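Protein chains in written order, with the working numbering: chain G, 1 to 256; chain B, 1 to 256.
Hint data in this document are derived by calculation from the structure and do not stem from the laboratory. Since no wrong hints were added, every one of them can be taken at face value.
Partner residues are not named here, just some residues of chain B that face chain G (Cβ under 10 Å, in silico): (1) I23; (2) G27; (3) A28; (4) S29; (5) A36; (6) L75.
The calculated label-pair distances, taken between Cβ atoms and stated as ranges, are: (7) G/E6 - B/D212: 34 to 44 Å; (8) B/T181 - G/V123: 13 to 23 Å; (9) G/L14 - B/D67: 28 to 38 Å; (10) B/S9 - G/G198: 25 to 35 Å; (11) B/D67 - G/V161: 40 to 50 Å; (12) G/W168 - B/W168: 46 to 56 Å.
What you are looking at is a predicted structure, and each value in this text was computed from that prediction instead of being measured. We put the CB at the ideal spot given by N, CA and C, even for glycine.
Protein chains: 2
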Amino acid sequence: MNLLPELLSSQYSLVYNILSFTIASMGASFVFFLMARQQVGVTYRPALLFSALVVGIACYHYFRIFDSFESAYALADGVYKPSGKPFNDAYRYVDWMLTVPLLLVELVAVLHLAKDVSRKMLVKLIIAAVLMIGLGYIGEGELTNMTTRAIWGTLSSIPFVYILYVLWVELGTQVKTQSETVRGLLKVTRVVLVATWGVYPITYLLPMLGIDIQSSVVAIQVGYALADVAAKCGYGLLIFFIARAKSEEDGSLPVA
Amino acid sequence: MNLLPELLSSQYSLVYNILSFTIASMGASFVFFLMARQQVGVTYRPALLFSALVVGIACYHYFRIFDSFESAYALADGVYKPSGKPFNDAYRYVDWMLTVPLLLVELVAVLHLAKDVSRKMLVKLIIAAVLMIGLGYIGEGELTNMTTRAIWGTLSSIPFVYILYVLWVELGTQVKTQSETVRGLLKVTRVVLVATWGVYPITYLLPMLGIDIQSSVVAIQVGYALADVAAKCGYGLLIFFIARAKSEEDGSLPVA
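This is chain G alone, in the form it adopts within the complex (with noise of 0.2 Å):
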């Protein structure tokens, strides 16, 4: 995003009120997933950790961009103008490159299947998460030859539609065992998952399909904002459900 456009007040305090909105919503999960292991067996507590660090990373680096936009432009004349500083978009790359194998890690640990069924599956899903992120990340900073950023692109989704097939099919047959409430729990997990992860993909397409920049610029930050409420909180309280029904049924719930 190196030419950013003029916005209307009303387009810039929209991003502006988002970013924070985001910022307050990762804080409050931070401290939630945290003080919620007590509420979970001992064997489910590593998974909430994990969507604690999750959210935890995730609030950081909206600040940091949070920042980075304010920064970016300056208020002339009822309109917002570009300050010259530039927007640093690549934030949202750092930050996928910990929390997304973070997310695949929170979801095999809260399931607790046989340790070397957890350990195969996720060095697949971790590799296939980093290679996703790094070749988004090339097309990403492709701007203006729209080929090669589909190119990119298109490279990018190979891992990702590994990542969906590793975690319905291989995922799928592990958890037959597990009771019904778990199952159902993990489908609308699996469904989450794809549902706010596909977002990043259609806000990648925006700059291809010719919409005008400005609400290019103010689409892009909502998408990925509320998307990462989605992948990141909500997510990590559907984790939190399952962790509840599993220490129910095995009796390791907490009871003083």
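Given the coordinates of chain G, assemble chain B onto it according to the supplied hints.
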């Protein structure tokens, strides 16, 4: 680094984003090590507390380095020019003076050797670490006379080699009674230690190798940051795995 070179926008961004990535990694690791103490036996919790202190101290210093780097540059005509404010890289030495002895304490603490063995080994290791960093610091200030720089660098390598001797030979004898899992993890931990600590002398040598100063500045910052993440977060994670393995073996793994 008194004479900063002009940097391209892409070079500046790379350093900027890596420094921010390091802040996020150190901060998340701080929370993780503090909380993960509850996942290991009481005997091994001090080791995890030391891991937390190391990354907490590093997180603070990376905030300082980030701010110093940011204020040392000003954007003009699409390139980053030195603003005139110095970039204070001495934060790194201050950080190491505190964290390197703690990293050695972590390692000795998690092994839980006989008290007098631990104490004697730690005294030797800490004195050597302080000498290594102090001598390196004196040489780092020398950017014009390469002979003087080389002499201080060589002096600083002597305690470094001595540390390696203590960790391989003396510690090697002590851990013979430990389980195979623990010895395996310990081997990986020592390799991480040498591989990451090895980055520092290489980075120290860079100004003597006649590399152009722009690439040299970028490589130094990226090299130090990634080495710090591996040497502090990655190394701490290995200490956590050792603590887990030992807790399982001696039956002190918390279950409720």
